[in-house]
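*Asks:* Single-letter residue listing:
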Amino acid sequence: MTTQTPEKLYEAEVKQADIDHHTPTAGAMTGHIVSNLVVLADKLQQIKWYLKGLNAVALKRVAADLLTQAYQQKDALGSVLIDENLLTPTTQKEFSEYAMLQENGQNKYQKAEWLLDDLVHDYDTSNLFVTRAIKLAVKEDRPVLAQRLTSLLGENNHNIASLQALLQNTQRRFG
Amino acid sequence: MSKAILQLDALSCPSCMQKIQGALAKQAGVETVKVLFNAAKVKAEFDSDQISADKLAETVTDLGYDVKSVKVK
Chain A
1 MTTQTPEKLY EAEVKQADID HHTPTAGAMT GHIVSNLVVL ADKLQQIKWY
51 LKGLNAVALK RVAADLLTQA YQQKDALGSV LIDENLLTPT TQKEFSEYAM
101 LQENGQNKYQ KAEWLLDDLV HDYDTSNLFV TRAIKLAVKE DRPVLAQRLT
151 SLLGENNHNI ASLQALLQNT QRRFG
Chain B
1 MSKAILQLDA LSCPSCMQKI QGALAKQAGV ETVKVLFNAA KVKAEFDSDQ
51 ISADKLAETV TDLGYDVKSV KVK
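Chains A and B supply the protein sequences, listed in that same order. Heads up: the first sequence begins at 1 in UniProt numbering, then just goes up one per residue. Heads up: the second sequence begins at 1 in UniProt numbering, then just goes up one per residue.
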C-alpha cells in the first residue's frame, strides 16, 4: 500500500505523462485518443441537440448513435489503459490539453452537410493517433491494447464511410 | 527564402507536432511552418540571414523531441 499523498502521486503522474509524450508511448498516444473522444462526444451532442433541416430527424438519430458509441469507446479504452497499468486522462483540463479535435459553440448554426463533413475530418484526425498507437502497442507487446485500438480503427473507418455515403462522397474524398 | 524539412520520429504524437509547429512559427525569421502528420515531417520557410536550419532543429530538441534529420533546400 502506498503512503504517498494524492498530491504527490498526481505530481509524479504529470511528470511521467510528459516523459511519455516525448518518447512517445502507446499509453500517451492512447491518452490523446481518449481526449479526442471526449471532444467528439461534445460535438455529437451539439449536433443531436441543434441540427436543423428537412433531414434533421434522421441525422439526429445518426448523431445519437455515434454519441453512444463515442461514450462506449472512451470508457472501454480508458479501462484497457488502467488494466495495462497505464495512465488515462480524467479531468476536463487534461482532455483539453491532450485533444486535437476542435469544437466551437457557433457550429450549432452550421448546415447539416458542413457538420457531417466536419465529423468525417474528426474521425480521420483521430485515426492519425490510432494508427500510431497500434504500432506503439505492438512494439511494447501490449496485444490487448492493440486489439482494442484496432477495433476502434475499424469503427472509425466505418463511420467515415457511412458519413461520406450520406454526403454522396467516396470514403477518402473530403469536402 | 530557404526551406528546411525536419524529419521527426515516425510515430511522433500529432499533438506534439502541433506544439512544435507553434514553437517554430514564433522564431524570428521563420515565414511559414507546415506539419505533415502522416510523414512526421515539419516544413519551414525561413530567412537564412536571421535564423539557420540548425537553430530550427535546436528549437525542436530543446522542447524534448528528437530530430532524425534536417534537409535544407
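Source of the hints: derived by calculation from the structure; they are not laboratory data. None of these values were measured; they are calculated from a predicted model. Glycine is no exception: its CB is placed at the ideal position from the N, C-alpha and C atoms. Accuracy of the hints is not assured; some may be wrong.
Partner residues are not named here, just some residues of chain B that face chain A (Cβ under 7 Å, in silico) [as the list claims (entries may be wrong)]:
{"no.": "1", "residue": "C13"}
{"no.": "2", "residue": "P14"}
{"no.": "3", "residue": "F37"}
{"no.": "4", "residue": "A57"}
{"no.": "5", "residue": "S69"}
{"no.": "6", "residue": "V72"}
*Asks:* If a hint holds in the structure, say so; if it does not, say that too.
*Replies:* Here is what the structure says about each hint:
The beta carbon of B/C13 is positioned within 7 Å of a beta carbon in chain A (closest approach about 5 Å), and the interface hint is therefore held. Interface hint status for B/P14: upheld, as the beta-carbon distance to the closest one in chain A is roughly 5 Å, under 7 Å. Taking 7 Å as the C-beta contact cut-off toward chain A, the hint placing B/F37 at the interface holds, the least distance being around 5 Å. Because the smallest distance between the Cβ of B/A57 and any Cβ of chain A comes to about 16 Å, over 7 Å, the interface hint for this residue is violated.
Hint status for B/S69: violated, given a least beta-carbon distance of 18 Å to chain A, over 7 Å. For the restraint placing B/V72 at the interface with chain A, the shortest Cβ-Cβ distance is roughly 25 Å, beyond the 7 Å limit, so the hint is violated.
In the structure shown, a violation is registered for the earlier hints numbered 4, 5 and 6, in ascending order.
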